[in-house]
Structures are given as structure tokens and as C-alpha cells.
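2 protein chains.
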Amino acid sequence: MARYDKLVRNAAGRSVPCLINGEEHIPYKGVGKHRPVGRRYGPPLSSCADYPADGDKRVPTLREALIRAGLKDGMTISTHHHFRNGDLLANQVFDIAHREGVKGLRWFPSASFPCHEPIVSHIQNGVIDRIEGSMNGPLGKLASEGGMAGVGVLRSHGGRYQAVQDGEVTIDIAVIAAPQADPFGNANGVNGEAACGLLGFALADAQYAHKVIVVTDNMVDFPCIPWQIHGNWVDYTVKVEKIGIPEKIVSGTTRITKSPDRLRIAELTADFCDKAGIIRNGFSFQSGAGGTALAVGQFFAQTMKERNIKARFIRAGSNKYPVKMLEEELTDYILDGQTFDLEGVRSMRENPNHVDTSPFTSYNYHGKGNFASMVDVVMLGATEVDVNFNANVVTHSDGYLLHGLGGWQNCLFARNTILPVPLFRDRIPVIRDEVTTLCGPGQLIDVVVTERGIAINPRRNDLVKKLENSGLPLKSIEELKKEAEEICGKPEIPDLDDQIIAVIKWVDGTVLDAVYKVKPG
Amino acid sequence: MARYDKLVRNAAGRSVPCLINGEEHIPYKGVGKHRPVGRRYGPPLSSCADYPADGDKRVPTLREALIRAGLKDGMTISTHHHFRNGDLLANQVFDIAHREGVKGLRWFPSASFPCHEPIVSHIQNGVIDRIEGSMNGPLGKLASEGGMAGVGVLRSHGGRYQAVQDGEVTIDIAVIAAPQADPFGNANGVNGEAACGLLGFALADAQYAHKVIVVTDNMVDFPCIPWQIHGNWVDYTVKVEKIGIPEKIVSGTTRITKSPDRLRIAELTADFCDKAGIIRNGFSFQSGAGGTALAVGQFFAQTMKERNIKARFIRAGSNKYPVKMLEEELTDYILDGQTFDLEGVRSMRENPNHVDTSPFTSYNYHGKGNFASMVDVVMLGATEVDVNFNANVVTHSDGYLLHGLGGWQNCLFARNTILPVPLFRDRIPVIRDEVTTLCGPGQLIDVVVTERGIAINPRRNDLVKKLENSGLPLKSIEELKKEAEEICGKPEIPDLDDQIIAVIKWVDGTVLDAVYKVKPG
Chain X
278 MARYDKLVRN AAGRSVPCLI NGEEHIPYKG VGKHRPVGRR YGPPLSSCAD
328 YPADGDKRVP TLREALIRAG LKDGMTISTH HHFRNGDLLA NQVFDIAHRE
378 GVKGLRWFPS ASFPCHEPIV SHIQNGVIDR IEGSMNGPLG KLASEGGMAG
428 VGVLRSHGGR YQAVQDGEVT IDIAVIAAPQ ADPFGNANGV NGEAACGLLG
478 FALADAQYAH KVIVVTDNMV DFPCIPWQIH GNWVDYTVKV EKIGIPEKIV
528 SGTTRITKSP DRLRIAELTA DFCDKAGIIR NGFSFQSGAG GTALAVGQFF
578 AQTMKERNIK ARFIRAGSNK YPVKMLEEEL TDYILDGQTF DLEGVRSMRE
628 NPNHVDTSPF TSYNYHGKGN FASMVDVVML GATEVDVNFN ANVVTHSDGY
678 LLHGLGGWQN CLFARNTILP VPLFRDRIPV IRDEVTTLCG PGQLIDVVVT
728 ERGIAINPRR NDLVKKLENS GLPLKSIEEL KKEAEEICGK PEIPDLDDQI
778 IAVIKWVDGT VLDAVYKVKP G
Chain W
278 MARYDKLVRN AAGRSVPCLI NGEEHIPYKG VGKHRPVGRR YGPPLSSCAD
328 YPADGDKRVP TLREALIRAG LKDGMTISTH HHFRNGDLLA NQVFDIAHRE
378 GVKGLRWFPS ASFPCHEPIV SHIQNGVIDR IEGSMNGPLG KLASEGGMAG
428 VGVLRSHGGR YQAVQDGEVT IDIAVIAAPQ ADPFGNANGV NGEAACGLLG
478 FALADAQYAH KVIVVTDNMV DFPCIPWQIH GNWVDYTVKV EKIGIPEKIV
528 SGTTRITKSP DRLRIAELTA DFCDKAGIIR NGFSFQSGAG GTALAVGQFF
578 AQTMKERNIK ARFIRAGSNK YPVKMLEEEL TDYILDGQTF DLEGVRSMRE
628 NPNHVDTSPF TSYNYHGKGN FASMVDVVML GATEVDVNFN ANVVTHSDGY
678 LLHGLGGWQN CLFARNTILP VPLFRDRIPV IRDEVTTLCG PGQLIDVVVT
728 ERGIAINPRR NDLVKKLENS GLPLKSIEEL KKEAEEICGK PEIPDLDDQI
778 IAVIKWVDGT VLDAVYKVKP G
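Residue numbers (our numbering), protein chains in the order written: chain X, 278 to 798; chain W, 278 to 798.
It is worth saying that the hints were derived from the structure and are not from the lab. Glycine included, C-beta positions come from ideal geometry on N, C-alpha and C. Incorrect hints may appear among the rest.
To be verified - The following residues of chain W were derived to be distant from chain X, with all beta-carbon distances above 10 Å:
{"id": "1", "residue": "P320"}
{"id": "2", "residue": "A326"}
{"id": "3", "residue": "G332"}
{"id": "4", "residue": "R335"}
{"id": "5", "residue": "G347"}
{"id": "6", "residue": "E422"}
{"id": "7", "residue": "R532"}
{"id": "8", "residue": "G559"}
{"id": "9", "residue": "L607"}
{"id": "10", "residue": "N647"}
{"id": "11", "residue": "N665"}
{"id": "12", "residue": "D775"}
Unchecked claim - Short, incomplete list of chain X residues facing chain W, as computed with Cβ under 8 Å:
{"id": "13", "residue": "G508"}
{"id": "14", "residue": "P537"}
{"id": "15", "residue": "D538"}
The whole structure should be built from the sequences, with the hints applied where relevant.
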């Protein structure tokens, strides 16, 4: 039984459903074309008369907290990925739901990871109807093979905030794992065994969910300082033995690439930014935490040192590299959405110029501006790019949904958006006639940098002009595609089923594309 | 023409209107008896597509910002009292409204001060219909004499947040004066010539107003750190020459009293707290910034030093005294709602354990708990107390409305609420048969300390028992009243007009009492 209605062609030329899981959605209209109507969501009013005067909201177990929060069939339950692949909480939530006989839940994580593989069974046994959020690894595979009852909905970090703020997704129960909390529910991510840096992904949930549960393995006396999450939003607090696996909280990719091709891409990217005049005193950049991105950051640092200039801010995903730049005064600030290693955590704890941000400040498109469009240059990854500079970041070229959107869509609004990508991966070309799944409209993607040349989006005539005599290996995107195909052959178009297993939301809540079921083996 | 309908008797036995300025209100039902229905207010959705991508929201003048924000007849305009008697902005806002021919505005300040006396003319010329907020000094006098068209509505700091959050008051335009801001609208109170500490009173306005204008005399490049106000809430920013008069931003009352009677009250209060077992390791207190309150704090500090114990937190209104206690490690934290001197500002800027709070965290009664009820002991002032421990803080015994509620009502929820008050002022007894205006229900007021004895509320049988052999001069409240009357004579009951000029809201938005017009001369 299809969980969506007939398809309409949206402004990107993609066929998307408007009724998804019984809820109305709006097809994508173009960048900046959709204006939201209505008002921000207002969760039910509460009264201090219904909360303990001494501020002690502790309940003995997560099960009891969920039951007191009214856990029942069909609810929307949110969790967060601050612990990344070291999260120990989400699986427990759905184990409890299973034991209590609850069915048909919508899981609304800020992201899911391979550690959530046990949730496959709860999708199969009907505890979870669908995931709205990224499905990295095993959960994405399951969905791709048609194993999820409902249609998955993928949103960017900003789109997730927007959806909650706009009332598109009502969260019944938010379960927030915190490395430090007090009995009132004030919580932060900078202190404790499981310190992960910040709790920004849970902000929308804390503000808008009907019931909020804070779970910690590090309960301190009121007040827990800093309070990245306000206890005034929280209904129940729970102390558990262990909230996350510290060594898995740290993200793996914190080593600068050693691959000659990747280093070449990084060098070309940095060289491009320099010759385009982007690396100047007071500039800002976001380079991400991948091996190539880190190498770009190192090139930037070197250039800044040589010229005795500094950045105004680095947008991060922080780890030891941007932290070093902050400490060497190569930047005034790190504006950080997610710390990727313990150096990032330490710096955020100790350095007032290492500032925690959230999807609200950085990415919410239905705010009064956000930080993403104020960044001079952002370097982003992609699984595929097409000849119109459209890009894909969630599916592989075989159609499998294996990655989330993260903040990727939101970052496209930077003044200059560069995709440093290899020309091919495993002999599969990255540049194609058409992307398998459209995640980012080409009009927002300015430059594609590969190890064999740089393609500037013709829409960016200013960049084309500025760089024409730069000596950089500038090529058209079609030339790059041709080079890849000469080496790897023309890539096959994946032969997909016509069943939609997930949709891709744009930053404004409209439906940008659909993801299709893969045909069995 | 009366701006209210016929009166009903509320749960405190006070006669109050239910229709006020054409809006429905609920009569007071008793402490913790009213449960709000409905949902938090949701202001209109916005889109980044309508805000500058580079984050530069500057407009040349306050006038232009107000016009772009749609300033028109009947709107609600909010301002804030972070600059106290040194504010230079609110008068300008209404001067502009006057020049633009706008009429019938509701001014919704977090408090007004004598520096706002020029606004008297804008009440008289019809630019302002009414003030909803405290009316200290000349504006209170004007209202008391029937000079305001609409009925004033007085709310506590927490009640102001509650009213905005609940949608009881919709703010059309919030004008936020900031000692430091960036073009995007991020703003703080800790940096700059006019540094006032924090901007917590503007939080509700930033979150919920339809249009938000940030005005500063200290515009810095993005990002303005810390961002106590998020630029993501802000529509326009304005740079002006001078935003406030620094020497008047600092509150006058930061000297410990030298009056022997006041010192006696302070000593008895501290002694009471000690003998009641309140001063113990890890306790918390809020003593305010008056001369007597500061003396109490000093006694506390001395006791803690002698016993080698420390407080967990001090709730402040901070100035150099609690700052010294923080620096001497007599408390882990200051949880600060308003800094009263430059030492307070410096400490908040430099010391991560000097934490800024807001009416949301500290006082909002329609939250999931707040900080006020978690404080072990609070010392508060009063203009009058009656034999049922009901207290008044806004009118004098002649009926004149000369003070605001501030956080006073909210603080009554502390574990122990003490009113250290003189037995009489200018030969007018403070303890009376009935208060002129009811601001705080007696059931929340535990102890009245005067220079001639201490009255414990009989409801607090635990305190009565604990202190019975303490050697403290315990008396009944009636005995204290009798002593005062023996000295000053029986006080006259003020002969007031029957026209209501303002109402007093309780922390839950219900109407606790009415304030009457004073009869001419």
C-alpha cells in the first residue's frame, strides 16, 4: 500500500508526492520562492503548579519517564546524534516501547548512525512506522529495500528546526541525552565522561516538544552551568549508568588526507579561494571535518600566517585543527555546531571565543536570516554532481540511501559554495548527466573542484571573469564529466523500482525529490 | 468613560474587573489554582528570503526602522529598562510616533523610570493610550490622578514573560537598546560604553514580537559575542550616537545602610535565617540591592566565612557585594537577572560562574518550573503588610501608584520569604489591617522582620516551632501593628475615588487587585 498520493512535477523538474504518510506537503518551488504562511508552533501551556517547587524532576528510570510522558501508539519521538556512533539511548527508547507494546511510532532523530542497527528490528516489528531523519548505513539500506512501513522524510539540520518551529512535525516526546545535567533539567555537552561539546541539535525539541526528558550519567546539583538546554523546558530527568561510549562520540575522520589525489583537490580548492580573493583579512569559512576539508583548512592556515591576516570566524564542526587556528589567533571565533573531537570539546568548554551555535542560529530558513548565508566560502562533499551543478549527498549511484543531509543544504547559501570532489570513486564517475537524487539545486553550487580540474558554474560570471587568467586548470563541467567517462566508461543509470521509500525536503519545507526503492539484487 | 466592566470579587476578596481595555481577563483564583489552557503564542513565520543574505539589517535611523516595522495607531510597542534611569531610547520612540501622527499606542515597557517623564506629554496628547508595566515616579503619579486614557496593567517580570508567551499581550514592535550589537542583530549588555550587564528583560520581546529592532551605540562586526539576544529574531538594526547615560545605568542604592534601625532589621533577619537553619553549606539566597538587603548579605558572608561554608548560588540583582562573595568563593554561582553596578557588569563579562538569567528561567510561572521556588530564602521589601501577611509593593498608603512589581511577586515562591521592613516610615505604620493594594498573598509571606520584633506567619508552624526558644524577639503580627500604632497613631484609610486606574496581575495572568484614582488635593 502506497503511503503517498500521485506525483506532481516540482520546480526542479522532479516528480514528488504532496500527500506523504497522510500529511500534506508542498512541492519545491525554487530557491527563495516559497513563503511560509501561518505562525510558529505553540506547544501546550504549562504551569509551575504542576512541577515540583524544589526543581527536582528526577524519575527513577527512562521507562518511567516515557510512561509518565504518555508514550502511546503513533507518537513522534525524537532523539539526537550528539554522541554520534556512541549513542546508547535511542535503542533503549524503542526497546522500552516494544516491551510496552507500543506501535506505529515516528522516530524523529537529528541523525541515525550504524550503532542504531538494532532499531531495524523495531521497524520490522511495527514499533516504528518510519524514520524522519537521516538514515546512515543499515537503516538506510533497510529503507532502500522497502523495509519501512512509512515513507522516510529527510531534512537538513536547518530543515528539521524549520519543520518543528513551523508545526509541520509535532514532537510528542523528546529524549535528550546530556553529558551533564541537574535534576531540574538544565543540561550541557561540555562536561562529563561523555562530553560531546554542545546540544544544539536538541534545541528545537526542547523548545517545542510536548514532553521533554533529559537523560544523563552525570547529574550535578542545580545549577548545571552552562545550561545549553534550559531546565524550564524539561518535564522529567533521569540518571542512568552510562549515556554514551566516549571513544565513539569522537568522529573518526579527523586525520588530514594522505591520498595524493585528495591532497591535489585540497590544494586546488585553497588555490582557487586565494586567487578568487576569498582569503582576506576578516573572511570566514566552513570546511567540514573530512580528510580533504581538513587539508583545505591547513592550506588556509598557512596562507593566513604567511600574509599575517586572520579570519573573523570559522564555522565548524570543530576538531583540533580549527581549535589550533583559534589558539594561534588565526581566527577571532569558532562558531561551532558540532564538536568532532575532544580538543573541540575542551576548547568549547574553556574558550569563550569558541561559541556553540544551533540549527536555529545557523540554518533555520524560516528565521529572520541565519548564519549560513554570511559565510564567505564553504567546502562541501557530494556523492554526485550533474552537469547543471545539481548535487546529491544522500544516495549512491546504485540508488541506495546511505547518508543524511546534515547541514549540507543549509550551507549551500554561503557566498561561495565549493564542492571539492574526486572525479570518480571506485571507478564510478561523480559528475553525471543527472543526479540520482537531487539534494541541492545547481544554482547554489558555484564551483566543483576535482583532481583533474575546476569547473565554475557559468551563473557565477564574476568568478569566471576573475579566474580566467589565474593559471588554474579551469574546465567546463561537461569536460570534467567527459574525462571521467573516458576513464571509467559511461555510468549506468540505476534501475530502480517505482516505489518511493523516502522524500528529500528543501530548507523551506517543500519537497525537492523522492528516493526510490532499489530492485532486489 | 470607564475602560473596564463591572467588578467581581476574586479569591483574595478583592473586587476586580474582568474586561479591561476591551480585553478579557480572569480574576485571581488563589495560589497555584489557575491552570492555563491553550498553547504558547506563535508569531508569524518569516523566511530568510526576506532578509539580507549578508546579514546586514542596518537601517539609517530609528524612525526608519519604526516605519519599516509598520508603526501605526493602536500598536503595542515594548522597550526595556536595562539602562534604568539612564535610558535614552523610549522617549525617542514616542517622540517619533508623535511626529508621525500615530495615536493610541500601548507602551509595554519592562519598567519605566523617572527619566521617562517626557512621556507624560505623549499620554496627554493621545500618542500613548496606556502603559502596561511599572510606572515608577511621575508616570505613576499621572496615572494615579486619572491622567491616562486606558487602564494600566502591572505585571511582575515573570508575569510579563508569561503574558507575552501566552499570547495575552501581542507585541507589534519591540525596540531593544543594546550596549553592543552587530548588523545582524546579535546583541549583549556586557560590552561597550553603556554596558548594563545583560538583556534578559528583552528576551520575551525578541522571541515573540512581530517586529524586533535592535538599537546600539556600539556596532561591531558579526559575530557580536556573547549574543544574549539572537540576531535570528531581529528585523532591523540601528546605530545611534548614544544609547544610555552610563552613570545613570548604575543603580543608586549600592551602599550598605548606616541607619541604626535598618541595621537592626538586617541583623535580626540574618540571625533569624541562621537560627532557622537556613544558612548552611550549599544554600541559596536572594537579598536584593537595597541598603538593608545588602547589610543582610554582609551578615551572611561573615557567617559563612566563620563556619567555612559556601552558598551554592546567590540570586541577584548583582553589585560589588555578591561579586566579592563569588570571588572569595563564598558561593559557587551568581544567577543574575540584572546588574546594578559596574562591578556586576565586569564580573558577568569575565567570570563564567556569574551567569545571566532571564524572566524566562527565573520567574515565568507558565513554564515547567522556574528558579524562584528553588531559592532557600529571599528578602523582599514592601510598602505595606497586613495582619494576614498580605503585602503591597506598588502603592503608598495615600493610594499613589509609585513603584513597579519587578520580580517581587515571583520571588515570593522561595522556600522562605522574609520581609525585612521598618515598623513605620515617616510616622506611617507599615503593618496595617488591610493593604491599600494587594500585590502578594499572605500565604506566601513567611516572616516579617522589623526593628522591634519578628512575626512568623502562623501557617509556617515549622518555623514557629524551630524558633520558639531561639531568644529572638518573636511577636505576633498584631502585636507589631499595635506597637506601631502606639507610636504613630492609627493610620488613616486613604479616601480614594472609585475609578480604577490600573490593575495588578498575579504571576499566572489572573487579576489580583485594582488600583484606584486618588482624589484631588
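Here is how each hint holds up against the structure:
Once the 10 Å rule is applied to beta carbons, W:P320 is inconsistent with being away from chain X; the minimum gap is 6 Å. Separation of W:A326 from chain X is inadequate, the least Cβ-Cβ distance of about 4 Å not exceeding the 10 Å criterion. A Cβ of chain X approaches the Cβ of W:G332 within 10 Å, the least distance being about 4 Å, so the stated non-interface status is violated. Look at W:R335: its CB is around 13 Å from the nearest CB on chain X, clear of 10 Å, so calling it non-interface holds up.
No Cβ of chain X approaches the Cβ of W:G347 within 10 Å, the least distance being about 15 Å, so the stated non-interface status holds. With a closest Cβ-Cβ approach of about 37 Å to chain X, W:E422 is found to remain outside the 10 Å limit, as its non-interface label requires. Listed as a non-interface residue, W:R532 keeps its Cβ farther than 10 Å from every Cβ of chain X; the least gap is roughly 29 Å. The claim that W:G559 is not at the interface with chain X is violated, since a C-beta of that chain comes within 10 Å of its own (minimum 7 Å).
Separation of W:L607 from chain X is adequate, the least Cβ-Cβ distance of about 16 Å exceeding the 10 Å criterion. Listed as a non-interface residue, W:N647 fails to keep its Cβ farther than 10 Å from every Cβ of chain X; the least gap is roughly 6 Å. At roughly 22 Å from the closest C-beta of chain X, the C-beta of W:N665 stays outside 10 Å, upholding its exclusion from the interface. Taking the minimum C-beta to C-beta distance to chain X, about 34 Å, the non-interface status of W:D775 holds against the 10 Å cut.
Look at X:G508: its Cβ gets to within about 7 Å of chain W, closer than 8 Å, so that hint holds up. Taking 8 Å as the C-beta cut-off, the interface hint given for X:P537 is violated, the closest approach to chain W being about 37 Å. Among the interface hints, the one on X:D538 is violated; its C-beta lies about 34 Å from the nearest C-beta in chain W, farther than the 8 Å criterion.
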